[in-house]
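Protein chains: 2
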Amino acid sequence: MSAVYTRVALIGLGLIAGSMAHAMRRAGLAGEIVGTARSAETREIARQIGLCDRIVDTAAEAVEGADLVVLCVPVGAMGAVAAEIAPVLAPGATVTDVGSVKRDVITQVGPHLPGGVHFIPGHPLAGTEQSGPRSGFAELFDNRYVLLTPVEGTDPDATARLRALWEGCGALVEEMDADHHDLVLAVTSHTPHLIAYTMVGVADDLRRVTDSEVIKYSAAGFRDFTRIAASDPTMWRDVFLSNKDATLEILGRFTEELFALQRAIRTGDGDHLHAYFTRTRKIRRGIVEAGQDTDAPNFGRSPVRRDGAAE
Amino acid sequence: MSAVYTRVALIGLGLIAGSMAHAMRRAGLAGEIVGTARSAETREIARQIGLCDRIVDTAAEAVEGADLVVLCVPVGAMGAVAAEIAPVLAPGATVTDVGSVKRDVITQVGPHLPGGVHFIPGHPLAGTEQSGPRSGFAELFDNRYVLLTPVEGTDPDATARLRALWEGCGALVEEMDADHHDLVLAVTSHTPHLIAYTMVGVADDLRRVTDSEVIKYSAAGFRDFTRIAASDPTMWRDVFLSNKDATLEILGRFTEELFALQRAIRTGDGDHLHAYFTRTRKIRRGIVEAGQDTDAPNFGRSPVRRDGAAE
Numbered sequence: 000m001s002a003v004y005t006r007v008a009l010i011g012l013g014l015i016a017g018s019m020a021h022a023m024r025r026a027g028l029a030g031e032i033v034g035t036a037r038s039a040e041t042r043e044i045a046r047q048i049g050l051c052d053r054i055v056d057t058a059a060e061a062v063e064g065a066d067l068v069v070l071c072v073p074v075g076a077m078g079a080v081a082a083e084i085a086p087v088l089a090p091g092a093t094v095t096d097v098g099s100v101k102r103d104v105i106t107q108v109g110p111h112l113p114g115g116v117h118f119i120p121g122h123p124l125a126g127t128e129q130s131g132p133r134s135g136f137a138e139l140f141d142n143r144y145v146l147l148t149p150v151e152g153t154d155p156d157a158t159a160r161l162r163a164l165w166e167g168c169g170a171l172v173e174e175m176d177a178d179h180h181d182l183v184l185a186v187t188s189h190t191p192h193l194i195a196y197t198m199v200g201v202a203d204d205l206r207r208v209t210d211s212e213v214i215k216y217s218a219a220g221f222r223d224f225t226r227i228a229a230s231d232p233t234m235w236r237d238v239f240l241s242n243k244d245a246t247l248e249i250l251g252r253f254t255e256e257l258f259a260l261q262r263a264i265r266t267g268d269g270d271h272l273h274a275y276f277t278r279t280r281k282i283r284r285g286i287v288e289a290g291q292d293t294d295a296p297n298f299g300r301s302p303v304r305r306d307g308a309a310e
Numbered sequence: 000m001s002a003v004y005t006r007v008a009l010i011g012l013g014l015i016a017g018s019m020a021h022a023m024r025r026a027g028l029a030g031e032i033v034g035t036a037r038s039a040e041t042r043e044i045a046r047q048i049g050l051c052d053r054i055v056d057t058a059a060e061a062v063e064g065a066d067l068v069v070l071c072v073p074v075g076a077m078g079a080v081a082a083e084i085a086p087v088l089a090p091g092a093t094v095t096d097v098g099s100v101k102r103d104v105i106t107q108v109g110p111h112l113p114g115g116v117h118f119i120p121g122h123p124l125a126g127t128e129q130s131g132p133r134s135g136f137a138e139l140f141d142n143r144y145v146l147l148t149p150v151e152g153t154d155p156d157a158t159a160r161l162r163a164l165w166e167g168c169g170a171l172v173e174e175m176d177a178d179h180h181d182l183v184l185a186v187t188s189h190t191p192h193l194i195a196y197t198m199v200g201v202a203d204d205l206r207r208v209t210d211s212e213v214i215k216y217s218a219a220g221f222r223d224f225t226r227i228a229a230s231d232p233t234m235w236r237d238v239f240l241s242n243k244d245a246t247l248e249i250l251g252r253f254t255e256e257l258f259a260l261q262r263a264i265r266t267g268d269g270d271h272l273h274a275y276f277t278r279t280r281k282i283r284r285g286i287v288e289a290g291q292d293t294d295a296p297n298f299g300r301s302p303v304r305r306d307g308a309a310e
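Going down the list, the protein sequences come from chains A and B. Heads up, the first sequence is in numbering that gives the first Met the number 0, so the first residue is 0 and it goes up one at a time. Heads up, the second sequence is in numbering that gives the first Met the number 0, so the first residue is 0 and it goes up one at a time.
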């Protein structure tokens, strides 16, 4: 594949930016990849492992002459970065981001950008429990969705070019309205994360059930919650604060349903429980059929050795 | 390994019983394996695939001459099965079970059993989202915990023999008090399952977020909830009804914590959220170190093709 952009600037060098660097190189999508991060230690590690073609000290330096700028910082930091880079953005450049919330990023970033710069917000639905400049890998986006939420009046050619980059990285690209994105993600990601964090916190609090027991016997369901609850704290703090309305709405519905099930347990209403559990089983079948998970035994995991390494 | 029991009777032929049959054969742990199930269709499938050495029509027939009887039926059915088999149990036989709740099983089963029969309740912490006689496989228990909850005065030799069987099936065996088991499992399994069922139900209810979107974009956290919420409805109904007190206690604590986090989102208290999420990250590290999960990218899953098969 020939390069889609001449120079790509990655602002922030965590899991997503690192994986983009690897994936763009795998397919030759960028003439040059320039990276930067706020922390000197992160920049130093990125230099040592050769994550980008060039690592520079500031976001303003990184975006000079770039025809694509990707904001890979926590949602709460997007506005400040936009203000910093706005004066040096090349005319005709595209600015995108990888934040998990889209309306708030549009509100923060949009006003700073000069005319002639294309702003196309984006969100790759991919991640692991790892973070930092060493955590990226080229396959992260393979067969995963990237959602673009271009605002009205965005140049279709600029959107098509960004789409081509993500498809070159292995992703399936869809476009939707920013508010709709935020509601869908409140259901599929934000509320599940909050619930997982809560459950793990409860387990950690219970002194009668020692930590080591919770850990030893985690395979029985709790294990999946702990994986979700191991995600980057700063990123998730910003997600909840910036997608407040949708998250609170879904949380309200969740609590309502939970109380109904709790009442069924208390009153011994087995029929209610059985009917509810039968209904939820169906949605799982849809996910396996859609190719977004495997129903292989052990949840598709390789057996795990006692030392924690996969066999 | 030489046989640990001369004749093992499996009552109920779902995922756990099927996996026990495969695992016992892999290591030559049973002279003969006799199986039965309430449903004629299940018995017929079990016959066709040669799951056991013999398939018989009733539990009473199955336990004749067996030195180990394993009750593999939903927790709510344990008492009725115990009443049926009690008159035909061989003197000196061991009766165990694989139910997810232990105090209620002891209350249901114990009174039926004649003197001279060893009753040693058990619970293998292993499962998949599959059920039925075809779902078992020999590796299910490899490196997974089996918890035994023998009542006071149980013959240590009988317990040691059952332990040897499970260890031969690949499991790590621990003993604990039945009430403690029920509380630990309420934390590590029962409450997480109820929460996952609830979240999937909420997603299914939301008409503004179409099912297909929830399914397409499930990789962002929700996917793990749907897997948990795809477990067998009858089994889980019985778990909640029979471990009511511990589940309601943990649910109460969960709701309390969730409300505190919800309030932090509403009031914009980012410090509270960040501190909470940092704390929960630690417990995850313990689980990976304990060898109960992998921190490999993509959660140790193989990449999934569009047709849903693992690559």
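One should not assume that every hint holds.
[Said to hold, decoys possible] Which residues of chain A face chain B? A partial, calculated answer using Cβ under 7 Å:
#: 1; residue: V87
#: 2; residue: P191
#: 3; residue: G269
Bear in mind the hints are in silico, worked out from the structure with no lab data behind them. Since we're looking at a predicted model, the values are computed, not measured. Glycine residues also receive a C-beta, built at the ideal position from the N, C-alpha and C atoms.
Structure-based check of all given hints:
no.: 1; hint: V87; in the structure: 30 Å, violated
no.: 2; hint: P191; in the structure: 4 Å, holds
no.: 3; hint: G269; in the structure: 5 Å, holds
Checked against the numbered hints given earlier, the structure breaks only hint 1 and satisfies all the rest.
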